[in-house]
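Enquirer: Residues per chain, in single letters:
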Amino acid sequence: MISTAANKSAGNLKRLRKDPFLALGSAAMILLTCFFVVWPIIKVVSYSRLADYRKLFTYSSWYHAALNSLFITALSTISCTLIAFLFAYAVTRAHVPFRRLFASVALLPIVSPPFIVALSYILLFGGQGIISKYVLHVHFDIYGWHGLWLVQTMTFFPYAYAVIHGVMASISPQLENAAYNLGATHWQVFRHVFLPLCRPGLAGGALIAAMNVLADFGNPIIIAGNFHVLPTEAYMQMSGMFDLNSASVLSTALLLPAIALFVWNRAWIGKRSYVTVTGKESNARTFPLPAAARWTVFAACLLVTALVVSVYGVLFYGAFTKTWGFDWSFTLKNVHYIFAKGREMANSLKFALLSSIAAAVFSLPLAFIVQRKGTRLYRLLDVLAILPGAVPGIFLGLGFAVAFNEKPFLLTGTPLIMILALMFWNLPTCYSVNLAGLAQISGTLEEASLNLGANRLRTFRRILLPLLRGPFIAGVTVSFLRSVTCLSVVIFIYSAKTSVGTVSILGLVQNGQWGSASALTAALILMAFAVLAPTRLLLKKQGRSIQL
Amino acid sequence: MAANEPMIEITNVSKRFGDFEAIKNISLSVPAGSFTTLLGPSGCGKTTLMKLIAGFFEPDRGDIFIEGRRMNGLPAFKRNTPLVFQDYALFPHMTVQENIAYGLKLQKLPRKTAEDKITAMVDMFGLHGLRDRLPRALSGGQQQRVAFARALVMGSNVILMDEPLSNLDAKMRVEVRDELRQLQQRLGFTAVFVTHDQDEALSISDQVAVFDQGRIVQVGTPREIYKKPASRFAADFVGAANFAEGVVKAIEGDDLVIACGNGIMRVHRDGYAFGPGERVTLVIRPENIAVHESASRGDNAWSGHLLRSSFHGRSVRYWVAADGRDWIVDDAGPGSIAGLQGLVHMSVDKRAVHLLPAAGGTVTIESGTGAIA
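Taken in sequence, the protein lines are chains A and B. For the first sequence, the UniProt record's numbering assigns the number 1 to the initial residue and increments by one for each residue that follows. For the second sequence, the UniProt record's numbering assigns the number 1 to the initial residue and increments by one for each residue that follows.
No wet-lab data here; the hints were simulated from the structure. Because the structure is a prediction, the values reported are computed rather than measured. Keep in mind that the hints are not guaranteed to be accurate.
As the list claims (entries may be wrong) - Going by beta-carbon spacing under 10 Å, a handful of chain A positions derived as facing chain B:
{"hint": "1", "residue": "104"}
{"hint": "2", "residue": "108"}
{"hint": "3", "residue": "456"}
{"hint": "4", "residue": "458"}
All C-beta atoms in this analysis are idealised placements derived from N, C-alpha and C, irrespective of residue type, glycine included.
Work out the full structure, taking the sequences as your base and the hints as a guide.
Expert: Structure follows, in structure tokens:
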């Protein structure tokens with residue numbers, strides 16, 4: 001055993017010596033990712049001493065924040081998974097009307113800023129809410145864990161849906177038909193054939209939802225009130241008291257379950273791709289469900305859809321309303337406000353664009369080295385490339401704030417730190433897209449090119465690069481959407497000059513300026529769609545679809 | 001280059017991947033202008049050898065020469081050994097024209113010359129009207145023709161082919177292989193062809209190399225491979241065969257007299273060096289056994305009980321139990337009418353029996369006539 005392992009690593013070294021270009025490239029990649037990913041993590045974790053960590057168990061507010069985080073994560077994960085399952089079932093199996101509508105509604109929240117549901121929730125159910133005040137004439141306190149639960153469910157069920165739908169769509173209806181053919185009833189087919197086949201999707205979807213709920217900062221800061229969770233508690237310590245020590249303890253407490261969930265997810269679901277070459281859909285149709293079951297599913301989906309649609313509707317309505325709750329007359333003043341915040345919006349666009357392109361470009365050689373030269377040494381590169389995906393945004397932001405605050409690496413307050421933080425936050429997204437894209441390109445294509453006389457560089461340029469265009473664009477797009485709507489990563493590192501749209505919105509919400517907040521949010525959503533729509537079309541032409 | 005001078009010379013080549021020894025000390029000479037087929041079951045090393053020739057792998061030991069030049073260490077893109085891939089490996093983002101032109105462009109030929117060469121290929125493979133299509137808009141057969149055109153346009157003396165016909169349906173496969181053979185003879189290139197299909201190998205080749213577990217177990221013309229297989233594996237892999245154990249009893253004139261089961265077989269000596277007392281394996285092809293309803297007199301005849309039959313169109317295959325074994329008999333004669341059943345009689349010509357040393361037995365070379373044991 002030991003001798004073969006030694007032989008193998010000796011073989012790796014030999015290969016590296018033979019290919020100095022590869023060796024240098026790998027070394028540079030490892031160094032850069034370590035510096036921008038591992039180093040900030042180490043800085044945060046090591047900032048506090050062991051005694052500080054003990055406070056997690058003795059300080060009741062910290063202790064409760066940790067418990068609250070786990071509680072809301074567990075609760076929201078269950079509800080997210082249920083709704084996601086329902087939607088996926090309606091879309092793939094139930095033969096109900098409006099299936100396309102349900103499918104697109106389930107994707108909407110992904111392209112939106114993280115706190116949009118929370119903001120709309122206040123507009124709908126808050127003290128001055130349309131539904132609470134003017135339809136139901138009731139007043140209830142929406143701030144707290146139940147509000148957060150609903151908001152997190154609405155925000156993150158789409159992530160679970162994407163996974164569950166993918167698995168459900170890949171289950172051949174012929175399997176169910178075979179069971180019917182053998183005499184099983186609807187319920188038996190569902191229970192014994194369909195559900196067991198869905199299990200990996202349910203598990204994967206639940207984990208994705210859990211990771212997102214746990215790490216989320218935007219919704220709890222707006223809606224949770226006195227129900228503090230780890231990300232908001234860390235933020236309070238920093239913004240209120242500049243207590244870096246406490247913030248690092250709380251962030252580290254958040255990092256551990258986040259990494260655990262991430263590792264669990266990787267082990268179960270593996271490297272899912274964001275881009276799939278659209279395969280042949282199965283022609284087989286499933287046996288129709290009993291009417292009662294079908295319409296129950298339909299009604300449930302319709303209810304959730306109505307909620308999602310009203311979330312967006314109320315936001316756009318709010319953007320053109322003078323004073324929410326008091327003066328409902330039409331105004332353009334909020335739209336003007338978008339221009340008043342022109343610098344922040346321009347920053348959002350600029351940073352998102354630069355960071356996503358940088359992440360896509362940087363991840364390309366990374367994916368190439370890992371996918372095509374798959375030896376043991378490159379496993380390290382693989383781990384480094386996906387590591388930022390395990391780190392909550394708030395932690396990564398804090399890490400950058402701490403790590404690049406001193407000479408010679410003084411980046412605090414610069415646009416560069418914003419771009420770098422967003423870039424490495426998006427690295428796993430672009431990397432996995434490129435990796436999957438490369439895996440889809442048969443190795444014989446490269447061999448064919450070499451065989452016809454093209455050297456390696458030319459083969460990379462003429463064969464691999466053009467074929468990777470689709471994944472590359474998809475990676476940039478997804479990263480752009482994530483960046484433009486990102487709050488958690490930037491909240492610790494923005495300065496007056498480098499502030500972005502999401503930070504402005506947070507300020508407005510905290511001041512109760514709902515109208516202006518709605519207008520800015522609507523502008524961000526439009527910005528996201530302006531990028532998403534044409535790329536979707538472009539990729540569709542290439543026979544690919546983009547998964548968010 | 002004169003005919004039969006080796007175009008490719010492979011000497012004592014070995015290749016291992018981790019603990020798996022894919023190629024075990026192989027030597028093979030591919031004559032110029034010949035169609036040489038590497039035949040064997042999957043995982044036998046035939047594709048690995050082809051990739052060694054093309055330069056995708058480097059041999060651990062041994063040398064590969066092409067036109068007398070040692071290829072070891074020369075990267076794939078400098079070897080000019082165009083390969084037709086099993087999955088065709090057409091570049092999906094390039095049109096038919098661009099695919100065919102890809103290799104030529106790298107040769108930096110004058111524009112006119114390159115254009116002429118491409119047009120010649122388009123003519124030869126009937127690709128008119130498809131020049132601007134992307135591969136995914138082509139049928140399987142069309143894709144395959146583009147793959148051949150892309151390799152042949154390079155004008156190399158050597159063309160490698162890795163199971164290029166395996167993705168075609170049965171009827172088309174036969175058509176294309178005949179066309180391919182004609183093309184090769186017309187253009188005169190040296191072809192190295194990998195396949196696991198023995199029919200294909202026999203019908204298309206000048207020379208067949210039979211692979212088994214990383215070794216070449218026999219090299220010869222299709223006739224030699226079929227009629228005189230060098231081992232039980234070769235006999236069994238290339239076509240169906242009946243095997244029977246026997247002991248040489250005597251040498252009488254030109255015949256070896258062999259005790260086999262309860263009977264005696266006479267086999268033409270035909271260069272076999274077996275002597276009395278030696279154990280041999282008789283190899284008899286199913287189509288060489290005649291089956292009759294009435295007992296035939298003379299040598300090499302035996303009887304058995306007909307178990308079952310299956311109708312194959314041009315012949316009927318019978319399974320006959322005799323002498324404690326099942327015999328496979330293919331009958332293409334006019335007598336192959338339904339209704340044959342029960343006790344049947346079989347016979348075989350003494351020149352249609354091939355001999356191998358019995359499993360575990362050794363070959364002894366003897367000359368002259370031996371005595372009766």
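Enquirer: Regarding the hint that residue 104 of chain A lies at the interface with chain B, is the smallest CB-CB distance below 10 Å?
Expert: At about 28 Å, which exceeds the 10 Å cut-off, the nearest Cβ of chain B leaves the hint on residue 104 of chain A violated.
Enquirer: Verify the interface restraint on residue 108 of chain A: the C-beta must sit less than 10 Å from at least one C-beta of chain B.
Expert: violated, 33 Å
Enquirer: Would the hint on residue 456 of chain A stand, with a C-beta cut-off of 10 Å toward chain B?
Expert: Status holds, d = 8 Å.
Enquirer: Any CB of chain B closer than 10 Å to the CB of residue 458 of chain A?
Expert: holds, 8 Å
Hint violations for this structure: numbers 1 and 2, all remaining hints satisfied.
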